[in-house]
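Using our numbering, read the sequence shown as starting at 11 and increasing by one per residue.
To be clear, the hints were calculated from the coordinates, so they are not data collected in a lab.
Cβ atoms here follow ideal geometry from the backbone N, Cα and C, with glycine treated the same way.
All clues given are correct.
Okay, derived cross-link-like pairs now, SDA-like style, lysine to any residue, Cα gap no bigger than 20 angstroms in a straight line: (1) Lys151 x Glu105; (2) Lys151 x Phe202; (3) Lys151 x Ala104; (4) Lys151 x Ala204; (5) Lys151 x Gly102; (6) Lys151 x Leu201; (7) Lys151 x Arg200; (8) Lys151 x Ala141; (9) Lys151 x Glu107; (10) Lys151 x Ala139.
The calculated label-pair distances, taken between Cβ atoms and stated as ranges, are: (11) Glu196 x Ala58: 33 to 41 angstroms; (12) Arg108 x Pro179: 18 to 26 angstroms; (13) Gly125 x Arg89: 12 to 20 angstroms; (14) Ser45 x Arg200: 34 to 42 angstroms; (15) Glu107 x Arg234: 31 to 39 angstroms.
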Amino acid sequence: MNITVLGATGRTGREVVRQALARGHHVTAVARDPSSLALDGERLRGVAGDVRNPSSLSLDGQRLRGVAGEVRNPESMTRALAGAETIVSALGVAEGERPGVLTDGARAVVASGAGRVVWLGAFGTGPSAAAAGRLTRTMLKAMAARLPDKVEADAAILAFGGTVFHAGPLSTGPLSPAYRAAGLAEAPRRLFPARVSRATVAAAMLDEAEAPRFAGQVALPLER
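The task is simple: from the sequences and hints, build the whole structure.
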C-alpha cells in the first residue's frame, strides 16, 4: 500500500513509519522536519508539512510568519497530502502549542479526499468519555484547554468515514503479542485506563489501514 503518515517524527509516528516499512508498504512521512526521522529506504519519502492554527499567525505574502518570527507555508499540508490514498495520523500537540493544531490537521485530511483514514485520539474524550469512567474524565480535566480541539478533530474524521483510535496512556514498551482492536462496547472497565505501548498502537492502526473494521467509528488499541 501507499501510506501517508502524519506526525511522522513524533514517538508514535516513528513507530508507525517503522512498522509500515517492515510490512512492505510505501510510506510518505509528513512532518515539519522530515529529515529528523533518521530512517531511509527506497520505499520511504519524506515531505515537509506543517499544521498550524491560522488564527495564531499573520499573513506575510503567500507565507505565514509565526509569533516568534518563524516562517511557515500555509499550503504545505495541502501539497503534502495531495494524492494520498491512505492516511495514518499520529499528530499530537506539543507542550505549549496553541489549541487548533489537531482540528486544522483533520480539516486538511478531509480536504485531501483520501480513500482511507486512521486517526489517533485519546481515550476518555468525546465518544469514549462514558466508557472511560468518572475518574478518568476527572483526570482529563487537567487538559481541559486542549479537549475541544481533540473532540472536534475526531468528529471531523468520523464524519468523513475514517477510524479514530482512542488510546490510553502511551508507553515505550514493546509490541504486545496479544494486541487487538476493539469497539467501545468492549472497553475494559477500570479505575484508570490501561497503558498501551506506542508499538501496539501503531500495529493496531496499520491493521485498520490494511483491512478496515471500524470505519466511521472509534476503536480501542488494547494489549490483550
